[in-house]
Each structure stands twice: as structure tokens, then as C-alpha cells.
Amino acid sequence: MSVLSPEPVAEEKSQRRFPPVAEVGIAALALVVIGGIYIASYAPRRPPVGIPIVLLIAGGVLLVASVVMVARTSDLAWDKFFLVGRWTLLAYVISAGLIEFVFVRNHTRGEPLLVLTLMLVLFALDVPLIISFTVARYQSVRRDAD
Amino acid sequence: MTDTRAVAIPAGAEVSTGAPPRPVIQIVPLKGLPIVAAFVGFLIASVGFNWKWGLDFNHVVGGGLWTAIDLFVGLVVGPILGRLSIPARAEFSARFMPKMVLIMPTLVAMTLASGFQLALDVGNLKPSSPNHAWLIVSFVVVGVMATIALGILEPANIAVLFEMKKPQPNGDVIGKLMKRFIYTAGITGLMQVATLIIMTRIATQ
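Residue numbers (our numbering), protein chains in the order written: chain L, 1 to 146; chain C, 1001 to 1205.
If you're looking for bench data, these hints aren't it; they were derived computationally from the structure.
Take these hints with a grain of salt, some might be off.
Claimed, not checked - Distance condition first, Cα-Cα at most 35 Å in a straight line; then the derived DSBU-like pairs of lysine-lysine:
no.: 1; chain 1: C; residue 1: Lys1176; chain 2: C; residue 2: Lys1166
no.: 2; chain 1: C; residue 1: Lys1176; chain 2: L; residue 2: Lys80
no.: 3; chain 1: C; residue 1: Lys1165; chain 2: C; residue 2: Lys1179
no.: 4; chain 1: C; residue 1: Lys1052; chain 2: L; residue 2: Lys80
no.: 5; chain 1: C; residue 1: Lys1031; chain 2: L; residue 2: Lys80
no.: 6; chain 1: C; residue 1: Lys1099; chain 2: C; residue 2: Lys1031
no.: 7; chain 1: C; residue 1: Lys1176; chain 2: C; residue 2: Lys1099
no.: 8; chain 1: L; residue 1: Lys80; chain 2: C; residue 2: Lys1099
no.: 9; chain 1: C; residue 1: Lys1165; chain 2: C; residue 2: Lys1031
no.: 10; chain 1: C; residue 1: Lys1052; chain 2: C; residue 2: Lys1031
no.: 11; chain 1: C; residue 1: Lys1179; chain 2: L; residue 2: Lys80
no.: 12; chain 1: C; residue 1: Lys1126; chain 2: C; residue 2: Lys1031
no.: 13; chain 1: C; residue 1: Lys1179; chain 2: C; residue 2: Lys1052
no.: 14; chain 1: L; residue 1: Lys80; chain 2: C; residue 2: Lys1126
no.: 15; chain 1: C; residue 1: Lys1126; chain 2: C; residue 2: Lys1179
no.: 16; chain 1: C; residue 1: Lys1165; chain 2: C; residue 2: Lys1176
no.: 17; chain 1: C; residue 1: Lys1126; chain 2: C; residue 2: Lys1052
no.: 18; chain 1: C; residue 1: Lys1179; chain 2: C; residue 2: Lys1166
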């Protein structure tokens, strides 16, 4: 059976060290944004997908790196991480769906649509990860009693 | 989205010290969700049916408010807040920031979704259009603002709200997070001014 520890003091929280999850996540977000701008700038023509695919892969690698860093973090407030994560995920899935709708409505098809969809998936996972990690890192950690 | 940039509380300050009873903080104001849903529904209908007035409404109203709120909060409200007492700042932030959690993403969605479709409909995105280059620049401007807003400001905004919900918020944590708003205010302000120039330019070519 586990019990909750008392709220750690502020000093302890500020001294905890965390991996650069948010920073790497922002880099992934920037790559997706650049890829999105590249595709959008060709509308209504069919964009070449080489550069967006490179940006997508690089963004995906950074997102995976962020997830691995989060998973290896031991003293994160996981309850808050998942609480914030699921609601922001819902919000950003809706947001990404809206963007996808606009592109589909405006005749984006085939490979560009696939690349764009994958970019939006990355976007919808990355932003909630950044937000939930930023919230959780400043929250008190629930610890099991010895 | 520079909605809350200047409500910083100095490091080390205890928010609750000497303060009047703090308002209960609801991070996402649930009462506002139906209004957001109505605007998003209107946006989807406008895009789906290619409703010219609806697209124009969403783009002009959403974009105008987005830019105006960003600049007004950053240049007018922010400096005033910076001179208020810490309890006053904390109380204002507790009431102000949750509303911005709903307002700003809604305005951004309205502006961008309708703007892209309008640009296609009007022909501004065609390479032969004199506005094509201006639109690409506006995409870059929006891209910079989106990266700052989604990657830096919104996480800080929500983390501050979580901190302020605590019985004894930590001023160090709030101060550290709020510094992000100050650091990015200049970039966002510059981008919004650029948006005003680009959009008025496009409308008159």
C-alpha cells in the first residue's frame, strides 16, 4: 500500500534537474511548422515532398527523443503529467483535425496530404508533451513510502 | 499569443502573503466552452460551405482581435500590471489567464483556417499574384508566432495556473515561468506589427 508524502518544499523542487524535453520538443515543433509553411506556400499547386519528408523525419526523431527522455525521468509528477496530457491532447487533436480539414477541403491530395497528415500527428503529440512536461516538472512528486 | 506576458511575480515572493482571499482558479473556464464550440462550428461551416462572408468574418474579426489583444496586453496592460502590488497582480492573473486559455487559441484558429481558404479563393496564393510573396512572408511570421506561443508561452501559462492553484504558490516558480513572456514579448510584438503591415499591403494591391 502506498501513502503520499507531504508536499516537498519549494527549494527541493527548484533543485530537481530535468532533461531538455521542452527544448527538444520546441525544435520538433519548429521543424513541423517549417514543413507546413513549405507545403502551404505551394498551394494550390502540388508541392514537392522531399524537403517536407526530411523535416518530418527529423521532427519525428526529436519527438521520439523527447518521449524517451520523459520516460527516463524518475521524479516527475506523473499524475499531473497525464492529467494535463490527455486534455491538451484532446485540444490539439481537434486543432490538427481542423487544419487537416482546411487542406482536404482545398484539394490537397496524395503524397502531400499524407506528409501533411503525419506532420499534424506529430504536432498533435508534440505540443501536449511540451505542455504536460512543463506543468509536471514544477509539481510535487507523489512518492511511495518505504 | 502574448496574453499574459507581464503579470510576472518577482522571484521569491509568496503570492498569498498579505493577499485578500484568492479566487478559485479554474484552468479551463468550462462556461466558455460552448462559446468556443459555437465559434469553431461557425468556422467549420464557413470553410466547409466556402461561405465568403463567413470566411471574411472569421479572418477579419479573428485576426483583428488576435493582433489587438496581443499588442494591447503587451504594451498597455503589461506595464500597468508590472506596477501593481503582488497580491493585485496575482488576483488579476488568476482571473485573466484562464480566459486567455480559451480566447487566444480560438482567435488563432479562426484567423488561420479562414485566411488560408480566402487566399486560395481570391487567388492571392497563385505564383503570378503580386500578393504571393507577401503571403509567404505572413506564413513565416505566423510560424514564428505559433512556435513561440505553443512551445514557450502556453506551457508557461498553464504551468503558472497550476502553481497558483496551490495553497501556497511558489513565487520563484511563477517568476521563472513568467520571464518567458518578457523575453518573447519583443519578438511577438514585432511579428504582430509585421502582420499589420503585410495584411494592409495585401488588401490594397
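Hint check:
1. For a cut-off of 35 Å, the pair hint linking Lys1176 of chain C to Lys1166 of chain C stands: about 17 Å separates their Cα positions.
2. In summary, the hint linking Lys1176 of chain C to Lys80 of chain L is supported, as the alpha carbons are separated by about 19 Å, within the 35 Å threshold.
3. Among the hinted pairs, Lys1165 of chain C with Lys1179 of chain C is consistent with the structure: their alpha-carbon atoms are about 19 Å apart, no more than 35 Å.
4. Restraint check for Lys1052 of chain C and Lys80 of chain L: the C-alpha separation of about 43 Å exceeds 35 Å, so the hint is violated.
5. A threshold of 35 Å between alpha carbons decides the hint, and for Lys1031 of chain C with Lys80 of chain L the separation of about 23 Å falls inside it, so the pair holds.
6. Proximity of Lys1099 of chain C to Lys1031 of chain C is assessed by CA-CA distance (about 10 Å); at most 35 Å being required, the pair is judged to hold.
7. For the proposed pair Lys1176 of chain C and Lys1099 of chain C, the alpha carbon gap of about 22 Å is at most 35 Å, so the pair holds.
8. Only pairs whose Cα atoms come within 35 Å are accepted, and Lys80 of chain L paired with Lys1099 of chain C is accepted, the gap being roughly 21 Å.
9. Pair hint Lys1165 of chain C plus Lys1031 of chain C holds up; C-alpha atoms about 19 Å apart against a cutoff of 35 Å.
10. At most 35 Å may separate the alpha-carbon atoms for a hinted pair to count; Lys1052 of chain C and Lys1031 of chain C meet this at roughly 30 Å.
11. Of the pairs offered as hints, the one joining Lys1179 of chain C and Lys80 of chain L holds, with about 23 Å between alpha carbons and a cut-off of 35 Å not exceeded.
12. Restraint check: the Cα-Cα separation between Lys1126 of chain C and Lys1031 of chain C comes to about 42 Å, which exceeds 35 Å; the hinted pair is violated.
13. The hinted pair formed by Lys1179 of chain C and Lys1052 of chain C fails the criterion: a straight-line CA distance of about 41 Å is larger than 35 Å.
14. A threshold of 35 Å between alpha carbons decides the hint, and for Lys80 of chain L with Lys1126 of chain C the separation of about 47 Å lies outside it, so the pair is violated.
15. Our distance criterion of 35 Å between C-alpha atoms is broken by Lys1126 of chain C and Lys1179 of chain C, whose separation comes to about 41 Å.
16. Of the pairs offered as hints, the one joining Lys1165 of chain C and Lys1176 of chain C holds, with about 17 Å between alpha carbons and a cut-off of 35 Å not exceeded.
17. Annotation: proposed proximity of Lys1126 of chain C to Lys1052 of chain C holds, straight-line Cα distance about 19 Å (limit 35 Å).
18. With a C-alpha separation of about 20 Å, the suggested pairing of Lys1179 of chain C with Lys1166 of chain C holds against the 35 Å cut-off.
Going down the numbered hints, you'll see the structure goes against 4, 12, 13, 14 and 15, while the others check out.
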